[in-house]
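Chemist: Here the protein sequences come in this chain order: A and B.
Heads up: the first sequence runs through residues 1 to 112, numbered per this note's numbering.
Heads up: the second sequence runs through residues 1 to 113, numbered per this note's numbering.
Be aware that a few hints might be false.
[Said to hold, decoys possible] Interface residues of chain A toward chain B, partial, derived using beta-carbon atoms under 8 angstroms:
(1) Glu41
(2) Gly42
(3) Pro43
(4) Leu45
(5) Lys99
(6) Phe102
(7) Gln104
(8) Gly105
Note that these hints are calculated values from the structure, not bench results.
Here a beta-carbon is modelled for each residue, glycine too, at the ideal position from N, C-alpha and C.
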Amino acid sequence: TQLLEQSPQFLSIQEGENLTVYCNSSSVFSSLQWYRQEPGEGPVLLVTVVTGGEVKKLKRLTFQFGDARKDSSLHITAAQPGDTGLYLCAGVYYNQGGKLIFGQGTELSVKP
Amino acid sequence: KAGVTQTPRYLIKTRGQQVTLSCSPISGHRSVSWYQQTPGQGLQFLFEYFSETQRNKGNFPGRFSGRQFSNSRSEMNVSTLELGDSALYLCASSFAGVGREQYFGPGTRLTVT
Chain A
1 TQLLEQSPQF LSIQEGENLT VYCNSSSVFS SLQWYRQEPG EGPVLLVTVV
51 TGGEVKKLKR LTFQFGDARK DSSLHITAAQ PGDTGLYLCA GVYYNQGGKL
101 IFGQGTELSV KP
Chain B
1 KAGVTQTPRY LIKTRGQQVT LSCSPISGHR SVSWYQQTPG QGLQFLFEYF
51 SETQRNKGNF PGRFSGRQFS NSRSEMNVST LELGDSALYL CASSFAGVGR
101 EQYFGPGTRL TVT
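Take the sequences, apply the hints, and build the full model.
Modeler: See below:
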């Protein structure tokens with residue numbers, strides 16, 4: 001069974017600080033997705049990464065896919081209170097026939 | 001374009017009962033996946049339907065079942081409810097499947113007493 005470890009589990013920072021969330025697995029992903037979920041709502045897709053070493057930017061968010069496609073990171077620059085939420089990574093594994101395996105999530109709180 | 005809708009949004013059931021949840025995907029999307037979200041286990045994949053066929057299944061007991069209709073709408077059924085089935089049930093639709101962009105609905109909050 002693939003295990004997708006996400007860290008840290010909780011993060012409380014001040015507005016303007018930078019942060020990085022990590023997503024790691026011992027198995028190779030065919031692709032990896034990052035989502036953000038707010039209370040009472042479903043997750044919203046932020047980005048999908050497919051190629052090893054790929055870097056994608058979404059305003060102040062930078063997503064990186066590891067060269068070996070076993071890990072990924074999300075870096076937020078100058079965090080704002082509106083970034084508060086649950087960040088989830090989700091991987092599709094080659095030998096899982098297309099199942100999406102989610103990490104436990106990172107609960108981010110940005111205080112003004 | 002309308003998003004994914006789920007009904008009902010909230011549900012309270014008694015242990016031993018059964019429940020049916022409904023999901024209407026984004027128009028044109030053929031894939032519907034279901035997930036269970038709990039504080040302890042996080043988001044867990046239940047199953048995926050694509051063009052009315054179950055294409056993939058997670059590690060849940062047979063009490064959890066689903067189906068998809070010709071218009072891509074999907075239903076999920078849980079029989080003989082247990083207290084541990086209390087969770088947020090999310091459905092997601094996609095044009096091509098779970099490996100591609102998925103769009104989640106707001107979820108159905110099920111409480112089993």
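Chemist: Identify every previously stated hint that the structure contradicts and give their numbers, smallest first.
Modeler: As far as the earlier hints go, not one is violated by this structure.
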